[in-house]
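Chain residues, written in single-letter form:
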Amino acid sequence: MKRAIFRNQLLPWLLLAPQLAVTFVFFLWPAAQAGWQSFLREDAFGLKSTFIGFENYSRLFGDPHYLNSVMVTVVFSVSVAVLAMAVALTLALAADRMIKSAQTYTTLLVWPYAVAPAIAGLLWWFIFNPTIGLVPYALDMVGIDWNHSLNGTQSMILVIIAAAWKQISYNFLFFVAGLQAIPASMREAAAIDGAGPGRRLFSITLPLLAPTSFFLLVVNTVYALFDTFPVIDATTEGGPAQATNILVYKVYVDGFLGLNLGSSAAQSVVLMAVVIVLTVVQFRFIERRVEY
Amino acid sequence: MPDRPMIEIASVTKTYGRFNALDDASLAIRPGEFFSLLGPSGCGKTTLLRMIGGFDTPTRGTIAIDGQPMLGIPANRRPTNMVFQSYAIFPHLDVEQNVAYGLKRLKLDRAEERRRVEEALAQVSLKGLGRRGATELSGGQRQRVALARALVMRPKVLLLDEPLSALDKKLREQMQVELRSLQKAVGITFVLVTHDQYEALAMSDRIAVMFDGKIAQVAAPKDIYQRPVNRQVADFLGGMNFIHGNLVGENGTAIEVETKGFGRVATQRPAHWAVKGGAVTIGIRPERLRVLWDQETARHELAGTVVDRHYFGEITHLVIEIPGMDKPLSVTETNDFGADDIPVGAPIRIAYEPDALVAMAD
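First to last, the protein sequences are chains D and H. Its first residue numbered 1, the first sequence is counted upward by one per residue in our numbering. Its first residue numbered 1001, the second sequence is counted upward by one per residue in our numbering.
Please keep in mind that the hints were generated in silico from the structure rather than gathered at the bench. Careful: at least some of the hints might be erroneous.
Taking lysine to aspartate or glutamate pairs in the EDC-like style, the calculated list, with each CA pair at most 20 Å apart, reads [as the list claims (entries may be wrong)]: (1) H/Lys1104 / D/Glu188; (2) H/Lys1127 / H/Glu1113; (3) H/Lys1156 / H/Asp1003; (4) H/Lys1327 / H/Glu1258; (5) H/Lys1107 / H/Glu1118; (6) H/Lys1156 / D/Glu188.
Keep in mind it's a predicted model, so treat the numbers as computed, not measured.
Excised from the complex, chain D in its bound form (with noise of 0.2 Å):
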């Protein structure tokens, strides 16, 4: 780390006070704010708030609702995160061995990460249209009726399909760097000591690449949790029936359509702890692990 000596006292701070201000205006102040308003019970027509303590999040936990939300979003993340890294492992490991075509293969699978959230939800929404969707006319061919606008699972793996499609070219990025990484000639090594292909992917690669999946589980699980929004918004709104209502769509939903701001102030602090956890576990652990 470089180090700069400053004679003048001030002039370090007015160097950081842009950033700082902007922590500051966008996201202490607004977090702070979301801390206080969740101890808050605001009136219907918003006229005026009573301090009523922890009850926000005593209900919340209480509420059938919530902890359904939890529940979906558990299943939401883990299979966004499992489904995004799998196929974007076995793409990898295609690319990896590939010599000549692989600078284009890579080019084109890195495409769908600069497609918004929301047009990408939009997309897998008309793949799947019960009525002009792809999908669908393919699966009733086969006996399956495909309609997520009713069908609680069916819109699950929706909103999962669309979440992960976008995440798998940034988790492919990191795998193929992450599989260039490893020498070529551990690779070797194994195979002159008579490891086939399949064994060399399991006791060598994938080990070696474990500081690499652990860092891409994190990001993944957090972009699960917090960046689908627009996913969710754009494909089931969180429904049917609340079956595919996650936690920050939960939070929109109470707090902006529901304005019960309150609760929705208290969602979001109990979420801004899943952040700081996840966060943790991140420079604890992956710090550390990274370098062999």
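Once you've looked at the hints, dock chain H against the given chain D.
Chain H in isolation, oriented as in the chain D frame:
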């Protein structure tokens, strides 16, 4: 089967685009031999080694190991093993797991597997370090683990890709001796790739010197050093004085060459040599020229003047101008009689044995 080569390389060519990494190389390596592929970087020695190991396929030509053609057989099914330049120790496994990696496939019982791992670790003097993590090893230890991992598989052929180049000089010299005695003990055919001529000379039974994808000469260390087939080989293996001469007599492989300074030299015709207009290059190694002190005389001597002197601790290089010769001669003399005290400009006499003079192709 008497004298069947362990490795038979027949007219192997490897082409990358238009570049010939290896050009029509043929070689027979004997069982139990310590064989070195020596050459500057880019000469094709590593390419050849990788093709023996099955990591690259020849564009043309065939490779057979122990009589079995190797075409289409992947690295994991060949009777070879390899020590990589980077050692390629698996970082997520400890020493024992690294060594046992290949044994897992053989599905030995636990006791037998342990016994073989212990044996391999003992062979490379790593006993007791089995539980050490791969990242907690020094360079020399990593080298030994890589060696143990290869030996434990009891391959017919062990390939070594510049295995000592990452070690410091002292450790490297120690490992050269150890590798050599280990090879004699286990009796496995070793094929070593190196760009270090001293390493090749010190360790090998035979050496193949390679330049630009071609094998220039295959011979025992002493022969290759004393009787290089051409100037390139001579130069690569160490210092050499080159003297121009003219062919004056020829009888079978025996030739006579008239030179300035050394007079009429009787020597042998080198391999792959075509006389062009009767001009012949004669070479003599600097250490085969000896300083004559005081009243000492010799049958073959030359007189001249010291024009330069380089001190190297145990030896001194003298550059000596001989009247009538085009170029000054380099002479290496040990310092036990005070060669390091000969002043520049002093008159000097040197002696040589005629059989140290060799004819070579340009």
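Structure-based check of all given hints:
no.	hint	result
1	H/Lys1104 / D/Glu188	holds (17 Å)
2	H/Lys1127 / H/Glu1113	holds (15 Å)
3	H/Lys1156 / H/Asp1003	holds (15 Å)
4	H/Lys1327 / H/Glu1258	holds (16 Å)
5	H/Lys1107 / H/Glu1118	holds (17 Å)
6	H/Lys1156 / D/Glu188	holds (18 Å)
Violation of the numbered hints given earlier is absent; every hint is satisfied by the structure.
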